[in-house]
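Undergrad: Chains as they are written, first to last, in numbering that gives the first Met the number 0: chain Y, 0 to 409; chain Z, 0 to 258.
Note that these hints are calculated values from the structure, not bench results.
Incorrect hints may appear among the rest.
[To be verified] Cut-off 25 Å, straight-line C-alpha distance, at most; resulting in silico cross-link-like pairs (BS3-like, lysine-lysine):
#, chain 1, residue 1, chain 2, residue 2
1, Y, LYS372, Z, LYS164
2, Y, LYS372, Z, LYS193
3, Z, LYS164, Z, LYS123
4, Z, LYS164, Z, LYS126
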Amino acid sequence: MSASTTPLLIDGAPRHDDQHGLNGHSHVGGRTVRSAPVESHLHPIGSADLAHHPVPSGHEEIWRFTPLRRLRGLHESVPLDGDVTVDVTAPDSVRVSHLTGAEALAIRGISGYLPGDRPAARAWHDAEQTVLVDVPPGLEFTEPVAISVHGDSIQAATATHLVVRLGAQAQATVTVSQTGSVTLVDTTEIVVGEGARLTFVAMGEWADDAVQLAYHHVKVGRDATVKHVSLAFGGDLVRVAATAAYDGPGGDIDLLGLYFADAGQHLEHRLFVDHAVPHCRSRALYKGALQGKSARTVWIGDVLIRKAAEGTDTYEMNRNLVLTAGARADSVPNLEIETGEIVGAGHASATGRFDDEQLFYLLSRGIPAEVAKRLVVRGFFGEVLQRIGVGPIVDHAAEIIERELAITGM
Amino acid sequence: MATLQIRDLHVSVITDEAPIEILRGVDLTISSNETHAIMGPNGSGKSTLAYSLAGHPKYRVTRGSVTLDGEDVLGMTVDARARAGLFLAMQYPVEVPGVSTSNFLRTAATAVRGSAPPVRTWVKEVKTAMTDLDIDPEFAERSVNEGFSGGEKKRHEILQLSLLKPKIAILDETDSGLDVDALRVVAEGVNRYKTQSAEGEGVGIMLITHYTRILRYIHPDRVHVFAGGRIVESGGPDLADELESSGYVRFVGAPAAAL
Ligand SMILES: Nc1ncnc2c1ncn2[C@@H]1O[C@H](COP(=O)(O)OP(=O)(O)OP(=O)(O)O)[C@@H](O)[C@H]1O
Ligand SMILES: [Mg+2]
Chain Y
0 MSASTTPLLI DGAPRHDDQH GLNGHSHVGG RTVRSAPVES HLHPIGSADL AHHPVPSGHE
60 EIWRFTPLRR LRGLHESVPL DGDVTVDVTA PDSVRVSHLT GAEALAIRGI SGYLPGDRPA
120 ARAWHDAEQT VLVDVPPGLE FTEPVAISVH GDSIQAATAT HLVVRLGAQA QATVTVSQTG
180 SVTLVDTTEI VVGEGARLTF VAMGEWADDA VQLAYHHVKV GRDATVKHVS LAFGGDLVRV
240 AATAAYDGPG GDIDLLGLYF ADAGQHLEHR LFVDHAVPHC RSRALYKGAL QGKSARTVWI
300 GDVLIRKAAE GTDTYEMNRN LVLTAGARAD SVPNLEIETG EIVGAGHASA TGRFDDEQLF
360 YLLSRGIPAE VAKRLVVRGF FGEVLQRIGV GPIVDHAAEI IERELAITGM
Chain Z
0 MATLQIRDLH VSVITDEAPI EILRGVDLTI SSNETHAIMG PNGSGKSTLA YSLAGHPKYR
60 VTRGSVTLDG EDVLGMTVDA RARAGLFLAM QYPVEVPGVS TSNFLRTAAT AVRGSAPPVR
120 TWVKEVKTAM TDLDIDPEFA ERSVNEGFSG GEKKRHEILQ LSLLKPKIAI LDETDSGLDV
180 DALRVVAEGV NRYKTQSAEG EGVGIMLITH YTRILRYIHP DRVHVFAGGR IVESGGPDLA
240 DELESSGYVR FVGAPAAAL
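Throw the hints in and build the complete structure from the sequences for me.
TA: Next up, the structure:
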């Protein structure tokens, strides 16, 4: 990247692949469009005011991939007064509070988060309590803070609000396991203090009928290191919007994700990293597999490097493995750069069946086709699993993947 | 004693448009304990020959035959060719993310040998082979070829050669991208395998290269000049010396025009 006068660079090409052939489509890099400054959806301005968020029609950029009719009215006005159980198991010195009333409301937005769309704005007002997990400064935990979210019914829709806060120099792992049947809008605000280190894992193991709209926002403190992981396996429709912003230079976030969509499932991830602070780093690595009729995944990776964010280093990658015909994966990386003074910025996206070259390499060593395919598929997921680094979660995710692969006979 | 026989081999590369003919009648016979150097300019089809023998799906054989000890190689699947004793050290080895090198090596050895090697001897065998090739043991835990430097990838190919013990080895520019020290290590690796296998059935080697420098370490019995998709001249080691001093000028253009 070379310096130039306020360039606006939009780099991104929507890609979708209906898979039938053996080869699929693969893409590295992207179309780079130098354009006159245009209104960009990468400059979202949130608002808690519901009046700012009309009912979407489905044509909006942020909704165009999501089948609204399957949202059970979450994007309209259905009451959010149902029940889910939120349990937190944490070491003693981690403070866990279940805030209600004015206290619950007062803390919302502590991460800088503001609702960006209607369901988010509704949840902001309607979530009955705010669960606050507060890790005091300087404390280091190896034992994870384990949060479980469980629902028993899809009938009454509901909303939750979780705040995870790590004090300066603290170190913790927080896991959220999500099970059962829900119609849910959940907001998670994550505040990572100066020099703190957090691994946050959301594991979605919903029942087949669950509908979830999740909003995660991470504020990455100065010199803080964050690993944010989203694992999406269950549910009828799951849409996770994960956003990140920096509070000071030296911040570093890894956004990792795995998803596995079966017949009829819609699993969507929308990432947005807002680089507005110099010398911060972001990496996104999401991998997904699809199998069965109408299995559908969407991955949107938006990265904005604002004028002030000199020295930014960012790279995002999404790979999708289409195991059977009739499944569809969309993958849209978007990179918008307003300064040339950066360390690096890039993205890669590929969707297809097996990587023919990888398969050929293994076959050419005498490894039979079935074994080679297994190796490649497990390796495909293994690359993400290796980086999660939370043993029990990794083992559990690996088990789920084995179960999923058994469906296709692998 | 093994013999690879290539007869009048014509191969096209499959592209998005019409297939393009690259190999235009290759004839070559390689037997155990013979080393054949194949030398030719960029784009002359050397890798195409190597990949076609290994069975890469991108290439289609349109005419000719390839047999290994009389068995039809072209009728075999890619993995069956390897199990029959063919090995290709690739010019550009492929990265396989998430598959550890140790798992890969063991799976390949199990397939080629017909049964899983006993763990204890296997571990020792791999360790020795890695030490011989100056490969850090830490590589065993890394994903196959992922993040390996060019030279490390080439050494990893020769590591596989020594573990999979083929009857016929095709080395596609194993020397390119290596510094002098790495070249020596890799060449010694190949020679070690030649010597070891000579005690048994022996190995036939097809050494594809641009440069004569590797031939100072791995001595060819025959040198073939490859141009325009076929062998245009064959000779003894002297031919390599001529190529060294005069280049390919004499061979390029004329044979293609003659077609
Ligand atoms: N997909 C393709 N589409 C069109 N042409 C191709 C394709 N793949 C290979 N070729 C052409 O086939 C020819 C032979 O390529 P090959 O890689 O076999 O050459 P080579 O002798 O190995 O070259 P080098 O010395 O550079 O390794 C080249 O002209 C190359 O451009
Ligand atoms: Mg080549």
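Undergrad: None of the hints should be skipped; say for each whether it holds.
TA: Against the structure, the hints come out as follows:
Note on LYS372/Y and LYS164/Z: the hinted pairing holds, with a Cα-Cα distance of about 24 Å set against a maximum of 25 Å. Restraint check for LYS372/Y and LYS193/Z: not satisfied, since their Cα atoms lie roughly 32 Å apart, outside the 25 Å limit. Distance restraint check for LYS164/Z and LYS123/Z: the Cα-Cα separation of roughly 16 Å lies within the 25 Å cut-off, and the hinted pair is therefore satisfied. Simply put, LYS164/Z and LYS126/Z have alpha-carbon atoms about 16 Å apart, close enough for the 25 Å limit, and the pair holds.
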